[in-house]
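Those protein sequences? They're chains X and U, same order as listed. For the record, in the first sequence the residue sitting at position 9 is 9 according to my numbering, with numbers rising by one throughout. For the record, in the second sequence the residue sitting at position 102 is 102 according to my numbering, with numbers rising by one throughout.
No wet-lab data here; the hints were simulated from the structure. For each residue, glycine too, the CB sits at the ideal point set by N, CA and C. Check the hints yourself; a few may be wrong.
Stated by the list, open to error - Below, in silico cross-link-like pairs of lysine-lysine (DSSO-like), each with a Cα-Cα straight-line distance of 27 angstroms or less:
1. Lys79/X <-> Lys2/X
2. Lys79/X <-> Lys5/U
3. Lys375/U <-> Lys19/X
As the list claims (entries may be wrong) - Not close to chain U: a few residues of chain X, all C-beta gaps over 10 angstroms, as computed:
4. Lys15
5. Ser18
6. Pro21
7. Gly23
8. Leu24
9. Ser27
10. Gly28
11. Asn39
12. Tyr49
13. Lys52
14. Gly54
15. Gln67
16. Asn68
17. Leu93
18. Lys94
Stated by the list, open to error - To spell it out: a stretch of chain U is covered by chain X in this simulated footprint if at least three of its residues, at any positions, have a beta carbon under 8 angstroms from a beta carbon of chain X; those stretches are:
19. 168-179
20. 272-285
21. 331-345
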Amino acid sequence: MKKIQCFRHGEICLKKISKLPKGLKVSGSKCIMQGSHSNSHTIDNGKLYFIKSGSEGTYVFGYLVAQNTSLLHPEHSPKVGQAKLPNGIYQLLKQQEYTPSGLIPVQD
Amino acid sequence: MIDKKLGYDKKTQALIDRMCHYVEREDYVLNKKVAEEKILQTYDIFGLVRPKKIVWCKDPFNKRFMESAWSAGSARSARSAWSAWSAGSAGSARSAGSARSARSAWSAGSAGSAWSAGSARSARSAGSAWSAGSARSARSAGSARSAWSAGSARSAWSVDNFYWAGLDYDFDYFVMEYEYCLNPSNNKPTKNDRIYLQYSTLLLEALEAGLGLRVEWEDTLYLVPIALVKIDELNRFHSTKESAIKWKGGKEFYYLHGGNIEKKWWNKIVNDKFKASEIFAIDNHEHRRIAYEMMDKTKMKSLKDYKVIDEVSDDGYGNKMKIISFTVKNIEEPLKYLNCFCPTTKREYFIGTDKDICWEAKKSSFGLRDEEFIKEW
Numbered sequence: 001m002k003k004i005q006c007f008r009h010g011e012i013c014l015k016k017i018s019k020l021p022k023g024l025k026v027s028g029s030k031c032i033m034q035g036s037h038s039n040s041h042t043i044d045n046g047k048l049y050f051i052k053s054g055s056e057g058t059y060v061f062g063y064l065v066a067q068n069t070s071l072l073h074p075e076h077s078p079k080v081g082q083a084k085l086p087n088g089i090y091q092l093l094k095q096q097e098y099t100p101s102g103l104i105p106v107q108d
Numbered sequence: 001m002i003d004k005k006l007g008y009d010k011k012t013q014a015l016i017d018r019m020c021h022y023v024e025r026e027d028y029v030l031n032k033k034v035a036e037e038k039i040l041q042t043y044d045i046f047g048l049v050r051p052k053k054i055v056w057c058k059d060p061f062n063k064r065f066m067e068s069a070w071s072a073g074s075a076r077s078a079r080s081a082w083s084a085w086s087a088g089s090a091g092s093a094r095s096a097g098s099a100r101s102a103r104s105a106w107s108a109g110s111a112g113s114a115w116s117a118g119s120a121r122s123a124r125s126a127g128s129a130w131s132a133g134s135a136r137s138a139r140s141a142g143s144a145r146s147a148w149s150a151g152s153a154r155s156a157w158s159v160d161n162f163y164w165a166g167l168d169y170d171f172d173y174f175v176m177e178y179e180y181c182l183n184p185s186n187n188k189p190t191k192n193d194r195i196y197l198q199y200s201t202l203l204l205e206a207l208e209a210g211l212g213l214r215v216e217w218e219d220t221l222y223l224v225p226i227a228l229v230k231i232d233e234l235n236r237f238h239s240t241k242e243s244a245i246k247w248k249g250g251k252e253f254y255y256l257h258g259g260n261i262e263k264k265w266w267n268k269i270v271n272d273k274f275k276a277s278e279i280f281a282i283d284n285h286e287h288r289r290i291a292y293e294m295m296d297k298t299k300m301k302s303l304k305d306y307k308v309i310d311e312v313s314d315d316g317y318g319n320k321m322k323i324i325s326f327t328v329k330n331i332e333e334p335l336k337y338l339n340c341f342c343p344t345t346k347r348e349y350f351i352g353t354d355k356d357i358c359w360e361a362k363k364s365s366f367g368l369r370d371e372e373f374i375k376e377w
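Using the sequences provided together with the hints, build the complete structure.
See the structure below:
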């Protein structure tokens, strides 16, 4: 069986899916996630959809429809084309770390 | 004349070098008289009345400066030189005319890019320190500033509201405008292009005299000297010897490789005073990484029951992965961490896990099981 494809960009994982969930509203932003040191994960092209925190479990925070999309980040891929995503639909997952008191988001 | 090797004029390179010189200086003598005169001359070139009063503030955290910046930022102070430029005829002409071409030329990767890559700007440093400072004040409920911050509309304050007060806020345009005037393509530079260069040159001269930020509000010009900034090889705020952002006689901010750290923590990290177990207890993943990077690695052996329980020799990007475990006081179960490296920056991280196998630990940190990582950055 063919495995589901994933792409990792720092503490974010983009998991390829076949279709977008219903009822999502497109975001006007190109920022996937704001880092704690003003280093944001952004896109040049494509559409982002964010969901209410925790509504789809701990890891999922949104969706991306990639069309000629490069992932941008000052340290991981500062230039367009360095982190180019295949066109498609992706679920956005935020990395979490295990602690004895529960999962906490990885802070970058 | 465009230099083939540079891709733009050597005179523009000289301007960029001049700009880099003021941002990278170790120290400077503030010449208030020159700085004031240069900034006042920007009013003259737009035919604006000079503000009646000038107030110097030691850093941008001065309450009057902050309030004025907020007010001026909201109202865009209709009679300031900055606003006149943006809203007035010169600005419109610039936007509509030749500068648009210059901007395109700059975006295409010549003069402007060189300026962006070659320097750290005072506006950026001010913005970053501002950001770190406001975050800190928001956490310390007892301080007057926090009360001021929390008790008013300033909760909406953002770095963006502050950037424009930096004299070099628009210097990327200055560089491309300068280059364009030297080597115009289709449209010949206009009178407004020349005025913009004159305006920007005055700002640069004011920066060289030690002025960093200015705000005009209610006929008063509030001025803040430039910050002294230390950066690492990746242009991130960094110093292991002193504060990385400092206003002389004013606030100081400590950074390690771009991460803002409180002075007491910064001191412990740079002097290697942390125990290994304390480093693993740091919540912020990036701070933990920085602290570990600076730690004497022989301390790892001091961790109780320290052992490597799984190891991968190549994660697909030429880096090792390990699961390490050790025990700490008051926690029954051993703590386990996935020790891995970023494929692009090659930085070493430790991420808490409950797994014993490296690949499982990595996938489970994203809530994954059987999925496959195609590419990582």
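For each hint, the structure was consulted:
no.	hint	in the structure
1	Lys79/X <-> Lys2/X	violated, 31 angstroms
2	Lys79/X <-> Lys5/U	holds, 21 angstroms
3	Lys375/U <-> Lys19/X	holds, 21 angstroms
4	Lys15	violated, 6 angstroms
5	Ser18	holds, 14 angstroms
6	Pro21	holds, 16 angstroms
7	Gly23	holds, 22 angstroms
8	Leu24	holds, 19 angstroms
9	Ser27	holds, 18 angstroms
10	Gly28	holds, 16 angstroms
11	Asn39	violated, 7 angstroms
12	Tyr49	holds, 18 angstroms
13	Lys52	holds, 17 angstroms
14	Gly54	holds, 13 angstroms
15	Gln67	holds, 18 angstroms
16	Asn68	holds, 16 angstroms
17	Leu93	violated, 5 angstroms
18	Lys94	violated, 8 angstroms
19	168-179	violated (count 0)
20	272-285	holds (count 3)
21	331-345	holds (count 7)
Violation of the numbered hints given earlier is confined to hints 1, 4, 11, 17, 18, 19; the remaining hints are satisfied by the structure.
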